[in-house]
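Enquirer: Each chain, letter by letter, is given below.
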Amino acid sequence: MIAHLAASFFCGLLFALGLGVSGMTQPAKVTAFLDFGGDWNPSLLLVMAGAIGVYSIGYRLVLKRPQPLFPGKFQIPRLRKVDRPLAIGSAVFGVGWGIAGFCPGPALASVASLQREPLFFVASMLAGMAVYEGVERWRRA
Amino acid sequence: MGEFLLAFVGGCLIGLASVLFLLFNGKILGVSGILGGLFQRRPNDTVWRYCFVAGMVSGGVILRFTQPSAFSFSLSRSVLAIVTAGLLVGYGTRLGNGCTSGHGICGVSRFSPRSILATFTFMGFGAAVVFVINHWLGGRV
Numbered sequence: 001m002i003a004h005l006a007a008s009f010f011c012g013l014l015f016a017l018g019l020g021v022s023g024m025t026q027p028a029k030v031t032a033f034l035d036f037g038g039d040w041n042p043s044l045l046l047v048m049a050g051a052i053g054v055y056s057i058g059y060r061l062v063l064k065r066p067q068p069l070f071p072g073k074f075q076i077p078r079l080r081k082v083d084r085p086l087a088i089g090s091a092v093f094g095v096g097w098g099i100a101g102f103c104p105g106p107a108l109a110s111v112a113s114l115q116r117e118p119l120f121f122v123a124s125m126l127a128g129m130a131v132y133e134g135v136e137r138w139r140r141a
Numbered sequence: 001m002g003e004f005l006l007a008f009v010g011g012c013l014i015g016l017a018s019v020l021f022l023l024f025n026g027k028i029l030g031v032s033g034i035l036g037g038l039f040q041r042r043p044n045d046t047v048w049r050y051c052f053v054a055g056m057v058s059g060g061v062i063l064r065f066t067q068p069s070a071f072s073f074s075l076s077r078s079v080l081a082i083v084t085a086g087l088l089v090g091y092g093t094r095l096g097n098g099c100t101s102g103h104g105i106c107g108v109s110r111f112s113p114r115s116i117l118a119t120f121t122f123m124g125f126g127a128a129v130v131f132v133i134n135h136w137l138g139g140r141v
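Taken in sequence, the protein lines are chains A and B. The first sequence begins at 1 in this note's numbering and counts up one residue at a time. The second sequence begins at 1 in this note's numbering and counts up one residue at a time.
Treat the hints with care, as some may be off.
[Claimed, not checked] These stretches of chain B come out as covered by chain A in the derived footprint (C-beta under 8 Å, 3 or more residues): (1) 46-56; (2) 80-92.
[To be verified] Derived DEER-like restraints, expressed as beta-carbon distance ranges: (3) B:Q67 / A:R84: 36 to 46 Å; (4) B:Q67 / A:R140: 37 to 47 Å; (5) A:P71 / B:L137: 49 to 59 Å; (6) A:R80 / B:V132: 18 to 28 Å; (7) A:K64 / B:P113: 32 to 42 Å; (8) A:L79 / B:D45: 16 to 26 Å.
[Said to hold, decoys possible] If the Cβ cut is set under 7 Å, some of the chain A residues that face chain B in the computed set are: (9) W40; (10) L86; (11) W138.
No lab work stands behind these hints, which were simulated from the structure alone. Positions of the beta carbon are idealized from the N, C-alpha and C atoms, including for glycine.
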């Protein structure tokens, strides 16, 4: 149990270090990457190449095991059908990403800087997530 | 190290953290899903999420002291714009079931059609918003 929690902590730490080293925690770099019509900065393409390269090999090796290291089963999403919430939600996310240059991971790691922008961003992002859960609960009731 | 090499190395660290997370816990490393799950209050499903968040913020603290430039926020964004963006990112990633990590890295590596559509959608909308801000609004909102 403790090892399982320590592993979660360690993966979060390594993930945040990767985000910082790669430049993802600098919103100006992110918006420069998204600015295809202007002074385009391709460096985030290399972030994706590194991450997808390592994951696409590593994930196939890991899934050769019958189960994860800690008790439990592999939980890989099996749903493959594209639907409306997926498209609308991703579009809404993209609009917010373009405005602030933050996606959830880099914003969360940037909380440690105690700057005003990541603090306000993460607080309102959590509020947006809570609103989603509230709407879902209301719809199911 | 140059910007492009750092971007690639950082990307590899991001991929490695995601592979280790799958190996240890059997789950997809998706930051919006890990955060959003905190609002679902499922039994025995909360503490590991807080450990991951604590790990990410600790990684941010390490970056703050070793590489302070990782947290430069140089965009001209009002508090209102940041808060709006945070709400959109929080709600959108939950509705669309993932963000840059879960869809953009893990899902694309698995050739998941849902994740590939999500990634093109949030990048497309992000690019459109950045275009409007940088080229029509003079770079500030």
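Enquirer: Could you run down the list of hints and mark each one as holding or not?
Expert: Now the hints, each set against the structure:
1. Only when three residues or more bring their CB closer than 8 Å to a CB of chain A does the claim for the stretch 46-56 of chain B stand; here the count is 9, and the claim holds.
2. Using a Cβ-Cβ cut-off of 8 Å, 12 residues of the stretch 80-92 of chain B lie near chain A, which meets the minimum of three, so the contact claim holds.
3. For Q67 of chain B and R84 of chain A, the hinted distance range of 36 to 46 Å is satisfied, since their beta carbons lie about 41 Å from each other.
4. Taken as a hint, the range 37 to 47 Å holds for the pair Q67 of chain B and R140 of chain A, whose Cβ atoms sit roughly 45 Å apart.
5. For the pair P71 of chain A and L137 of chain B, the beta carbons lie near 52 Å from each other, so the given range of 49 to 59 Å is met.
6. Restraint check, R80 of chain A to V132 of chain B: a C-beta distance of roughly 33 Å breaks the suggested window 18 to 28 Å.
7. Separated by about 24 Å at the C-beta atoms, K64 of chain A and P113 of chain B break the suggested range of 32 to 42 Å.
8. As the Cβ distance of L79 of chain A to D45 of chain B is approximately 20 Å, the hint placing it in 16 to 26 Å holds.
9. A hinted interface residue such as W40 of chain A counts as satisfied when its beta carbon comes closer than 7 Å to some beta carbon of chain B; here the least separation is about 10 Å, so the hint is violated.
10. Proximity of L86 of chain A to chain B holds as hinted, the smallest CB-CB distance being about 5 Å (cut-off 7 Å).
11. Hint status for W138 of chain A relative to chain B: violated, with the closest Cβ pair at about 14 Å, above 7 Å.
Going down the numbered hints, you'll see the structure goes against 6, 7, 9, 11, while the others check out.
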